[in-house]
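K.L.:
Below are the chains, spelled out letter by letter.
6 protein chains.
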Amino acid sequence: MRLQLATWQEVEAYLQRSTGIIMPIGSTEQHGPNGLVGTDAICPEAIAWALGERHDVLIGPTQNLGMAQHHLAFPGTVSLRPSTLIEVLRDTVSSLAHHGFTHVFFLNGHGGNIATVNAAFAEILSERSLSERSLGGQPNGDLQLTLFNWFMGRRGREIAKELYGDAEGGHATPSEVSLSWAAYPEAVKEAAMSPHVAPEGSAQCDALTFRKRFPDGRMGSAPSLACVEHGQRFLEAGVEDALEAYRAFLS
Amino acid sequence: MRLQLATWQEVEAYLQRSTGIIMPIGSTEQHGPNGLVGTDAICPEAIAWALGERHDVLIGPTQNLGMAQHHLAFPGTVSLRPSTLIEVLRDTVSSLAHHGFTHVFFLNGHGGNIATVNAAFAEILSERSLSERSLGGQPNGDLQLTLFNWFMGRRGREIAKELYGDAEGGHATPSEVSLSWAAYPEAVKEAAMSPHVAPEGSAQCDALTFRKRFPDGRMGSAPSLACVEHGQRFLEAGVEDALEAYRAFLS
Amino acid sequence: MRLQLATWQEVEAYLQRSTGIIMPIGSTEQHGPNGLVGTDAICPEAIAWALGERHDVLIGPTQNLGMAQHHLAFPGTVSLRPSTLIEVLRDTVSSLAHHGFTHVFFLNGHGGNIATVNAAFAEILSERSLSERSLGGQPNGDLQLTLFNWFMGRRGREIAKELYGDAEGGHATPSEVSLSWAAYPEAVKEAAMSPHVAPEGSAQCDALTFRKRFPDGRMGSAPSLACVEHGQRFLEAGVEDALEAYRAFLS
Amino acid sequence: MRLQLATWQEVEAYLQRSTGIIMPIGSTEQHGPNGLVGTDAICPEAIAWALGERHDVLIGPTQNLGMAQHHLAFPGTVSLRPSTLIEVLRDTVSSLAHHGFTHVFFLNGHGGNIATVNAAFAEILSERSLSERSLGGQPNGDLQLTLFNWFMGRRGREIAKELYGDAEGGHATPSEVSLSWAAYPEAVKEAAMSPHVAPEGSAQCDALTFRKRFPDGRMGSAPSLACVEHGQRFLEAGVEDALEAYRAFLS
Amino acid sequence: MRLQLATWQEVEAYLQRSTGIIMPIGSTEQHGPNGLVGTDAICPEAIAWALGERHDVLIGPTQNLGMAQHHLAFPGTVSLRPSTLIEVLRDTVSSLAHHGFTHVFFLNGHGGNIATVNAAFAEILSERSLSERSLGGQPNGDLQLTLFNWFMGRRGREIAKELYGDAEGGHATPSEVSLSWAAYPEAVKEAAMSPHVAPEGSAQCDALTFRKRFPDGRMGSAPSLACVEHGQRFLEAGVEDALEAYRAFLS
Amino acid sequence: MRLQLATWQEVEAYLQRSTGIIMPIGSTEQHGPNGLVGTDAICPEAIAWALGERHDVLIGPTQNLGMAQHHLAFPGTVSLRPSTLIEVLRDTVSSLAHHGFTHVFFLNGHGGNIATVNAAFAEILSERSLSERSLGGQPNGDLQLTLFNWFMGRRGREIAKELYGDAEGGHATPSEVSLSWAAYPEAVKEAAMSPHVAPEGSAQCDALTFRKRFPDGRMGSAPSLACVEHGQRFLEAGVEDALEAYRAFLS
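Chains as they are written, first to last, in our numbering: chain A, 1 to 251; chain B, 1 to 251; chain C, 1 to 251; chain D, 1 to 251; chain E, 1 to 251; chain F, 1 to 251.
A couple of the hints might just be wrong.
Now the stretches of chain C that chain D is said to cover, found in silico as 3 or more residues with beta-carbon under 8 Å [what the hints assert, rightly or not]:
hint: 1; region: 49-62
hint: 2; region: 72-84
hint: 3; region: 175-189
25 Å max Cα-Cα, derived SDA-like pairs, lysine to any residue [said to hold, decoys possible]:
hint: 4; chain 1: A; residue 1: 189; chain 2: A; residue 2: 49
hint: 5; chain 1: A; residue 1: 161; chain 2: A; residue 2: 144
hint: 6; chain 1: D; residue 1: 161; chain 2: D; residue 2: 196
hint: 7; chain 1: F; residue 1: 212; chain 2: D; residue 2: 161
hint: 8; chain 1: F; residue 1: 189; chain 2: E; residue 2: 17
hint: 9; chain 1: B; residue 1: 212; chain 2: A; residue 2: 155
hint: 10; chain 1: F; residue 1: 212; chain 2: D; residue 2: 102
hint: 11; chain 1: C; residue 1: 212; chain 2: B; residue 2: 131
hint: 12; chain 1: F; residue 1: 212; chain 2: E; residue 2: 199
hint: 13; chain 1: F; residue 1: 161; chain 2: F; residue 2: 197
hint: 14; chain 1: A; residue 1: 212; chain 2: B; residue 2: 131
hint: 15; chain 1: B; residue 1: 212; chain 2: A; residue 2: 189
hint: 16; chain 1: E; residue 1: 212; chain 2: F; residue 2: 197
hint: 17; chain 1: A; residue 1: 212; chain 2: B; residue 2: 12
hint: 18; chain 1: E; residue 1: 212; chain 2: F; residue 2: 10
Treat the hints as calculated values from the structure; they're not laboratory data.
Everything numeric in this text was worked out from a predicted model, so none of it was measured.
Every residue gets a Cβ at the ideal spot worked out from N, C-alpha and C, and that includes glycine.
Looking at chain A on its own, in the form it has when it is part of the complex (with noise of 0.2 Å):
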């Protein structure tokens, strides 16, 4: 069930069955010359969205914007500083938690996020461990705050390796690019890319120095590998991926 799909009342009888939700998070970046600037958003969103339709859980809507300082240097990146995300998840777990939700697992698909977001989850349990010694001894309510990225799922990873090697690279990944694109088939580009696989590096650092580094966005990655085809195994690997995951962390 999605979220934005279900009226309250549906919300509160899914509570009185589970309380845990799926919160897909991506970012607005480029994405190399054949990929789009929403794939890390829509890859997260799209196997939550057929997880939730297979699986009654409930999936809350896609945070679009993710922190993507290094892609300034191309058109179309739009990012958030850690500080403004930090609070966006700060004010989204509140309220889930206010509803009596336990269990807020992030399904993330941009690996720039990864550290805002698990700052995020410090800063919110700051808040609440400070208050317990006022709770006479309790934790204070049972929160529990997971991330799980898509593109290190297991079995994502193997089909990952079978087709690409080490052409999958670790950004405008053809992985990515082909599960985009199974979400988004009127959205497939076609473009040429010089060398085949682009050069590896580090992304810490300022947006012009990563455009030097990474010319056309790639990083270490031959997108022109990627389909269509390739996106719906990534696509069904990836639901069983977060399934397993999420299963996990309820339990």
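Following the hints, put chains B, C, D, E and F in place on chain A, whose structure we already have.
P.N.:
Same frame as chain A, now just chains B, C, D, E and F:
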């Protein structure tokens, strides 16, 4: 063209033709017994996507979360504090201005966002104004910001008046419910509501007071009048209203 | 009764009779060639003080600074960023609520404050709403907040229409200049203005753009029509308009 | 000249003659049984206004709210957190520096503001210092900030010693009560107080602890000694003390 | 060379030879029955000081407080919220970059800091990236930031595996306890622990939940195996690991 | 007992005997030609450590960074903005109060910290005061905060006067240089200085203005008079001064 479905090179090419962009912004909040939690995001998104398909206008990713504190006593509502939403909009506009966008048109679906979005504009412009002295008396770039509420468009207003008269109300209105159903016909809900037209009142209060005033979440409205066909009319009207406003904004 | 001229015991006694308070809020910004920089603070303050002398209503200290970024290209303007003003209002209301005030009525003299003041109300209420779950389903105290713009009062509007018609305009209006002069007759200014009625346009822009659009600071107004006698009429009308709104707010 | 009663052209002309300004800053807090809640704002305002009438010095609007957390257990106190007051002062100074003011002289009426105002100065200067490297080794403009406490002026101190000796005390002092009454003779209060001289102690504590230490709000003072005539002497002394300090600051 | 023991002229001279600096960062938190509260700060500090004595590398002051919210149910833990630590690191790096340092190498002793430190790097770089457009297409200075966890160094890992195998665990590990004791042999503690190897689990929770999971503060470790002699080996290995990483970072 | 060298059980046991703690706080900033960058942190730390060895007082970790913006034009200075330092102190005190500490005594080595530390105390107490209404009229716990500047202690002042007279000055004083050398005799520096006694002036300015006023970093001092033997006297005096102040604070 949707930014999420474009490559950065396509955005670069678009910026040669136009420096305007439409950013849908909504909310995730209860919309009464038959309205969707995502209504306020779905409506401007549906209008923007249709507009972007028919005209050469870039449509940014939807801001799904808005200022919805007064709805927090209904399960499913996720609210950003105004201070958080201001930071989100500041980072969003900073990123867009960085790429050379000069006209950012927020297409809004939620009355509760209006004050905060305008405060965010003032926050962004404050920083620019204070930096102008050191720029030798020239305006700090060309940046125009505006907010357009789809539900205030002339064409849409006329249809709502014709179809519902006073039963349109102020929240969980039959017009927005219809439009969201037109976008997601699979999510049409049936729900008994009593009284037919909900009570009226002010929403400037805390969440529990709001729920006491508006027990099923509706404000002055009769959304049982909603239907998909109405929604299609609102969608068409919304595209025309928004396009007219956007063109006036650009010139 | 003015809070600034009362003792704490007098406030304590007042709280036994009433838990409402009127807080004047204005701005410090240019008001054209013959308008005072303090106009937006002086007008609501004068109305509030007169109201407080005639009726048993407590009048708080005036917030002299508001959101005036668009006027910063004119010397003398002092502007608070929206984020700062939100914090000021949050602390103000927190203090008042701490003492048991339940109805805080902001009497505003500046259109540029409206969005930020309403965002501040939402910021304050967000915190209260999120704390309600732990309070066992009861509203978090009784706190009502409202904003009343003296220049939108029915009586004042009618006088302005009668006296100035379309020459009232939007900023540095003859009505507010008159009212400020009635409060401080020693500060009446003479200044030649051309054209008689200033150009119209939008104020949602940076400071230098604003000054290009409105070279002498007026927006659509002809404040050379202002005089002390008019101001006395606006003062009387303002007291009636504000009192009516305040009484409606209390009940 | 009072900024609030000037036009922007008058400010523009003043800036040709001087780039200094006096900004009164006070607090809104209990001042014992016969002291006014507004005492700390009224005193520096009265001094500044008299000074501005007699000398060509621009007087800005009064900051009526200060840091008064320790007085919050007495009705009528309105306190800004230090973090809020720092932002208010930052925006105030930014606006003034934007217009070319180089010497901003805060005339303070409240001991509880001193730490925060000096922290605000450091906050403002931190930003300027960190930007200097990119400015090629030149100081970032000419901006001088200072705080002068009227109640620490030599002339005023001597009168207080002469009139009250040790009964001057530390809060709700007869000198400040007298000065506020000289400014507003209509607000003179009669109140029995026991003991004649209030107990002494530290104010660095929370509000309820403060009230336990100082049950009627006075700290070490005997404000029953206050009278309007004394206040007139303090006003004259305050003008001389402030003028001397301001002139030393400018040079 | 330790910054704290140098004069500014010595720093000036150093900057002619190198623009790199090592900044130790730790935490103040419980480390089980025989581990020191300062372990996480002591370990990187000891390594950095030894490295700075043997090589021409400047060592900055130690950041003694880190993100330790999950340890707050154990007395002595002092935790910074992530938002606070981000500001501390932002100011630290701003100051260093102001002096011309280009390579800032944080030598970390606490796993709980990793996410927040990386978020802080992104916060710092966001500001720099957004300013680059106005700099004409050149990167905003040369600023490289990295985080190295001494406990992840290859040499140290190998020793820990050799000495403790699986009993190394995740918190209050025998390796860190040993290293802290090598730095402060006078602080070696004796304490009975049961079970020998502590339980494992996740630390992403509030403080009371953490204490329920890990009653004596250890996570998966057997720090009764620690001794000073081991600590001396970890110190030597830590210097080599950090030096290697620092040299790779500079080039 | 030093917190950094204690186990959590030792802290738990200490809290049974005492709920007071001494927290050294300093700065990292230039101290003239022969003074150490870490002087302001080293001095209170050395005093606190000696005190903690001789008496049963818990000594917390040293806050090495303070508010040092005016020294930023000298290499090696690292400054926290006041807003950052306030957050650091807020989190520090929150953590300590959470464990039951009631008397937090900051032993300070830097004049530039005084305003900000006191503002931080007010920030912390503001939050506590505003929560007291809901606590039924009882103070919000027992929390006492104080700041003691070692360089203002009576015994130390007397020695400085005896040894240096007016050549003690205000920054990079012979007393603090001596004390830091007593703590680290290996760091004694030789440096020619001219004039013997540095010029005097105000430090409330930006960094480049400061450096113009004080070209070698000294303010009114003659630190060439410093020596280790003097430092040992200051250390002994500092321990006595701090202990006396701490005992007075506890009672």
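K.L.:
Does each hint hold? Answer for all of them.
P.N.:
Taking the hints in turn, this is what the structure says about them:
1. 49-62: holds (count 3)
2. 72-84: Three-residue rule met by the region 72-84 of chain C, so holds; n is 11.
3. 175-189: Coverage by chain D holds for the region 175-189 of chain C (4 residues, Cβ < 8 Å).
4. A:189 x A:49: This hinted pair holds, its Cα atoms lying about 24 Å apart.
5. A:161 x A:144: 32 Å, violated
6. D:161 x D:196: 17 Å, holds
7. F:212 x D:161: 41 Å, violated
8. F:189 x E:17: Holds - the C-alpha atoms of residue 17 of chain E and residue 189 of chain F are around 20 Å apart, at most 25 Å.
9. B:212 x A:155: Not satisfied, since the Cα-Cα distance of roughly 49 Å exceeds 25 Å.
10. F:212 x D:102: 18 Å, holds
11. C:212 x B:131: With a Cα-Cα distance of about 17 Å, the restraint between residue 212 of chain C and residue 131 of chain B holds, given a limit of 25 Å.
12. F:212 x E:199: Answer violated: residue 212 of chain F to residue 199 of chain E is near 60 Å, above 25 Å.
13. F:161 x F:197: Roughly 15 Å separates the two Cα atoms, so the pair holds.
14. A:212 x B:131: 29 Å, violated
15. B:212 x A:189: Violated. Residue 212 of chain B to residue 189 of chain A sits at ~53 Å, over the 25 Å cutoff.
16. E:212 x F:197: Roughly 61 Å separates the two Cα atoms, so the pair is violated.
17. A:212 x B:12: 17 Å, holds
18. E:212 x F:10: 20 Å, holds
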